[in-house]
Structures are given as structure tokens and as C-alpha cells.
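J.: So you can see what is in the structure, the chains are spelled out below.
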Amino acid sequence: MDHDADALHAAIDEVLAGHRDAFRHIVREYGLSVRGFIASQLYHLDDVDDLAQDVFLAAFESLGSFRKGDEFGAWLRGIARNKVKMYFRTRMRRENAMERFRSEVGDVVVADLEQASEAVEEQQLARLLSCISKLPDKMRRIVQGGLEGQKAQALAEAMESSVAVIYVTNHRAHKLLRECMARKGV
Amino acid sequence: MDPDLQDLVAAWMRNTDLSASRRDELLARLRSDNGFRREFVEEIQMHGYVRAAQSSEPRWPLLEEAMGGHEDGPGLEDSVMARLAQMPTPTRRRTWNPWWAVGGFAAVALAVFVGLGQLNDSTKPGSQPTRLASGTAIQSPAVAVLSHVVEAAWADGEPERQEGAELPAGWLRLALGTVQIDLFSGARLFVEGPAQIELRSSSEAFLLTGKVACELGEQARGFRLLTPGLTVVNQGNSFGVKVSETGEQEVHALEGKVTIGRTGESDTSQILAKQARRLDDTGFSETPFRPEDFPAFERVRERGQAEAARLLLAWRAAADALDSDPSVRVHFNFEEQLPLDATLRNRVRGDGAGSDGQIIGASWSQGRWTGKGALEFRGRGQRVLMRLSGAHASLTLLAWVRVDALPQPVTALLATEESQSRDPDEQKNTTSPPSSDPASGRPLRWELKSNGQLGFNILRGIVSGKPQWGSHVAPPLLTTERLGQWLCLATVHDAARGELTHFINGMSVARHNLPPGPPLALTHISLGNLSVTDAEARQGVNFGFFGAVDELVVAARPFSAAELRRYYEVGRP
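So the protein sequences, as listed, match chains F and B.
Going by our numbering, the first residue of the first sequence is number 530, and it counts up by one from there.
Going by our numbering, the first residue of the second sequence is number 536, and it counts up by one from there.
Check before you lean on any hint, since a few could be wrong.
Claimed, not checked - With a straight-line cut-off of 20 Å between C-alpha atoms, the simulated SDA-like cross-links for lysine to any residue are:
1) B:K792 <-> B:E842
2) F:K704 <-> B:K907
3) F:K704 <-> B:L875
4) F:K667 <-> F:Q682
5) B:K907 <-> B:F829
6) F:K704 <-> B:D537
7) B:K792 <-> B:E821
8) F:K597 <-> B:T624
9) F:K597 <-> B:M1042
10) F:K680 <-> B:F571
11) B:K907 <-> B:L873
Said to hold, decoys possible - Covered stretches of chain F (chain B as the covering partner; in silico rule of three or more C-beta atoms under 8 Å from a C-beta of chain B):
12) 565-574
13) 580-592
14) 600-606
15) 627-638
16) 644-657
17) 661-674
18) 683-692
If you are wondering where the hints come from, they were derived from the structure by calculation, not from laboratory data.
A virtual CB, placed ideally from N, CA and C, is assigned to each residue, including glycine.
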């Protein structure tokens, strides 16, 4: 991520000195990437939002343990990883084999996901909405609609297509979005 | 689009259910196929970003409540700020966390490097670690042992304590799961998360919130458990105590009678077996006896065994997938072997694979989980010998080890047995490195030092009969509290990048820049020991390892940090 380290350190110092309003800067800078990281792994957006809040509150509590010079985004993702892990563990106790499967998949990919998140700059994320708006109509509809739950089936019916085509189109759209986000001046 | 990828994405998005065999297939491919895993990660990552970016006005119920409603719903920033208004200002952390000590130890290690480097060229490090930080290590005497950890997650900011860890006096904040703590006084505590408990000494603990069951034998007489309002004194029986987040407190006499009192008051009363009392503003009152509310030894043990079986299966799948990696030359997984086996089977076969291991003296024991084999080493003489032909430009060494003691200056983990290059009497006039024959390559030693440093030494040459080693060490992280625990140690030699990186438990702990040089040789390798020269024998030098090994991987390519992290995560006990 390409955050201003000086501004970040100044904000941390201010928070530790008792000026908690400076924490806004941190939430503003890292909010989208933390929510995106969690949303990659969780189904319910309400849960994503709740966990994102918890991540920032835990970060606030532990801010004194953050070592300047370390990557703050990676530190936040470490907290987020723990929260997601706990979320899955609590659900695994009462839910079915598919939930356990998703938890195992999460365990396998979390290191790659963190590494991939490191490679995405905040400015690229800021361009995402603009990039979505530039997608061809059909792709944009699918990306904006999302595929979670029964949405893929509903989209397929609405667009008189098959679920498989919806997934393939979404896959291609993601590639276009990555290319678009990587271009400056979008 | 790859059908496997489509199925996995659909399952991840809860658009479809999969059969058990299909789930196993996809998990196996995800673990073994890097390209497939990368594609899946890219897919869910973009999906997450799109969802997050499009829901820029998320619903934040807690903030709505805090602010008395908000027409459009506040953003993340406002919601976080509203909630943290009720929290105390954070302060710079000064409590002890073993991993924060990396920096402190690294600073000490740096001083040791510099000091030793000035004294003795042959031990001068090839380079300094690039990642150093500040901090101070403080160690307090232990008052208990963390005997069992079942489906547990520690609260943010807490160290990731493992089963078998010694616990000093201080706070434990458990977010989830159950742990068994055996205090040195003989008291046994089962703590169920979420809980906050302070171990004050081996005979006293303070429960701020959560549930604790105490089993107390005759030896534990005098043990006290305190809560914000209540004191329970041991009379050699078992009891359960719970303190809710809202301050409600209950004590249940699980076996025998229990003496209770209000904290700070001298009056006490007794409750008989299978009775319970609740404490509120008006004092103690009767409450229904509910033993099932508290963690019990049998339940903890059963859940622990079930979790261990699940973890063992997950590790086996990942370990099997590793065997199909063409770069892996040696993989000892210590599985499917008999207690009297004198040969350690290399799971990798085919061209370029290393030999099986010849076990000398080491005995079979239990590994990370029940049902998983390991070899135990007790120092002198014991070792496993093997061969691996060829010279290797890049290398990854990974071992799951349990270090029981580091009694001597250097303990060999894995080393090239090159006695001819280590005996000064036979090398008096040699000035060139033994790598003059590229096929043989440079010998190496992967070792532990008595101060807890993981080291990787490469022979630079022989000068006046003395071997000159380039030493590349990590900070002294294998501290006493880590002795007896299973650890994943790995070192990656990346010739293309000119880097050598040490990893402990999936975390990069030191990186060194390496000058280009001849490849590395592991023609004759010894695991767990190293032969001494006559001169060393006369001085009583011993390199024998004290502990156990239950997995060893040697690969002829540099594993990435993500790969090592993933393999650690799937193999952690």
C-alpha cells in the first residue's frame, strides 16, 4: 500500500497522546482495504462491516504495540485475519460440512490473500468504482449484482443465460478490472 | 474458465453445495496447484473489493444505536469513532510478548555478531540481518503450564501461546475455545473463552470475566480463586466460577463443599456439593446448580482429541501434495513406520530424490499429534544419515522440531558430513575452498546455538587447515519458554536473489544478503548430529540434538514466504 508513513506515524502519536480524533485518519486511509480483505472471505456484508469495526477497535486498543517501521496495513490485516479465524471457528461449531469446507479453504488461501492484498495500492482501490462503470453493460450488471447466495441464479434468469456463463463473465470482468485499476489516470 | 475454479468460487459464494469427495478434490488441488490457488485468490480478492467499494454506506447498527439513529447509515469512520469514544486511550505497550522480543534479542544478536566478528573471522557472519527492531525482553518465573489448548484463539495483542508453554504470572485473555492450565501448586484450571484471568501466583488467580472450572487435589490446598466480588478458597474439591460481562458472578460446588466469601471481607460461608450461589448487590443468593455450564476434563480431552484428528488429516493431505512437487528431494514425514524401523523412508521417489535415512540410535516417539510418528534424539551419537546427490544453487530446508534443550554451544539440525574438510590435520596447506569441484559444492550446516539462534553456515574455504564458515544467523528466538514446543523451522537459500532467509513458525525472522558463490552440497547429510574431529573429541565437543523431529523437507528451490506460512498453518499442532 502507498500510504503516507509520516502522516500515519503522526496520527498514531496523536492518538497515543490522547487525541483520539486522529484515529479518523487511520480509519479513512485503511477502511476500504480492510473491508475488502474481510469481504473476500465472508458472505454476509453485515458480518463484514461488524468485523471491520472490530478490527479498528482492536487496532485502537493495541495501537501502543505497533512498531513504527512495520507495514501498518499488514498489521491491520493480521488483526483482521484473527477476527476472521474466530468468526469461522464459532460458526464451525454449529454449522454444516460446507461451512467447515469454506473454513478450510480460508486457511489454505489466507497467506496468499494477504500477500495479494499487499500488492494492491490504495489508489488502485480508489479507482475501482470508476473502473466498474467502464465495464461493458452485461459485465457491469453482473459485477454490480454480485454472485453470492442465489444472486448468480437470479442473474442468470434475468439475463436469460446460464449460471456457468455468469461465472465466466464475472471472471473476465475481474481481469478487466485488475487491468483498469493498474492504469493511472482512470 | 477452469471448471474446478468455477465450482470452488460457487461454493465459496454459497451458490452451490459440494459432495464430500468433490470438496476433498478441490482442497487437494488448492493446496498443491499454485496457479490454481492464485487464480482463486485473485477472484475472491476482487469480489471482496467490489463488495466493499460498492457498499460505501454500510449499515453500522451499533453506531446507529449510539447516535440515536442515522437516516442513511453512518460510514465506517464515524461508527468506529463512536464506539471508541467509550474506550480508554491506548498507551505504548510494555507487557511481555515473546515475539516482540525479536527486536530485543536481535539487538543483542547484533552486538554478539559484531563482537564475535571482531574476535574471530571464522565465525564472522556473512551478512547482518536486515530486519531489526527495538524492544526489551523480560522473563518472569513460570507459575503454571498450559497443558491443553482446544479450539482456542487468543485475544488481539496476546501472544500465540502453544500447548506445553510455561506461563509466568500475568494476564491471559482468551477469545475463544478452552484451555487447561496446571498451576505448580497442583490446582488445575479449565478456562473457557471468552475469558480474562490473571495468574497471580501458583496458588492464586483472579477471574475478571469468563468461566473457570477448578479441579483441586490434596496437593493444591490453599489455592484461592478471586473475582471482582468473590473469593473461593480451596478445600481439596472442585468448583466452577463464572463472571459475566455485566458483572454477575456465580460459584458452583462441583464436587465436595466450597468455602466462599466476599472479596475484602473476612466472613466466609460454605456451600455443599451440587449447590450454587449467585452474588449480586444484595449479597449471596441460591441459584440452580448447572455443572454443564463449566468446562470439564473429559469434554476438554474429547474435543482436544477430535481437533487433533482433524488437524492430522489436514496436514496429511498437505504433506502428500508436497511429495508431488518436483523440486522436493527429501520428505521424511515419519508416518507409517514401525517402532523398530531402522530406516526412515523418504516419501519422494524418482530422479534426483534423496535416499532413505539410516537411523542411528534415535528412538521412535509421538509427533505433533496422537498417531503421528517422530524420532527422538538424546544428544550424543544419535543421528539419521542420508545421501542427496548433486549440487544445488537454491535450497529450502524445513523441519518440524521439538527442541528440549540446547546444552552445548552448537547443536546440529542438518549438516553435510564432510570430515575431510573439517579435519585441520588433513587440510594444513589448503587455501582454496572445497567448492573448487563444482559437482561437490559447498558444505553447509543448519544448526541451533545455545542462545536460541537458528543458523545456516556455508563453508567458505580452508585457510591454514582451519575451516572458514560464513555464518548467517537469526535472532535468538528459541527462548526457554519455547523449549518442549513443536516449532516449524525453515531456511531458504535463494541464489537468484542472493538472499538467505530464516523462518520460524511461518514468519520471516531474518534475511541476509549473500554474495554469489558455488552451489551447495548435501551429498552426505546427517540429521540431528555431526561427527566431531579428533581434536574436537579431545575437547569434549558435541553437536548432538536434544529433542524430536517429526518432519523434514529438503527442496531444490526457494519456497516463497506464502508457501512456508501456509505449510506452517496446516501443520501447526
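J.: Next step is simple, just say for each hint if it's right about the structure.
T.: Hints, one by one, checked against the model:
no., hint, result
1, B:K792 <-> B:E842, "34 Å, violated"
2, F:K704 <-> B:K907, "43 Å, violated"
3, F:K704 <-> B:L875, "56 Å, violated"
4, F:K667 <-> F:Q682, "15 Å, holds"
5, B:K907 <-> B:F829, "31 Å, violated"
6, F:K704 <-> B:D537, "15 Å, holds"
7, B:K792 <-> B:E821, "15 Å, holds"
8, F:K597 <-> B:T624, "18 Å, holds"
9, F:K597 <-> B:M1042, "18 Å, holds"
10, F:K680 <-> B:F571, "24 Å, violated"
11, B:K907 <-> B:L873, "11 Å, holds"
12, 565-574, "holds (count 8)"
13, 580-592, "holds (count 9)"
14, 600-606, "violated (count 0)"
15, 627-638, "holds (count 8)"
16, 644-657, "holds (count 6)"
17, 661-674, "holds (count 3)"
18, 683-692, "violated (count 1)"
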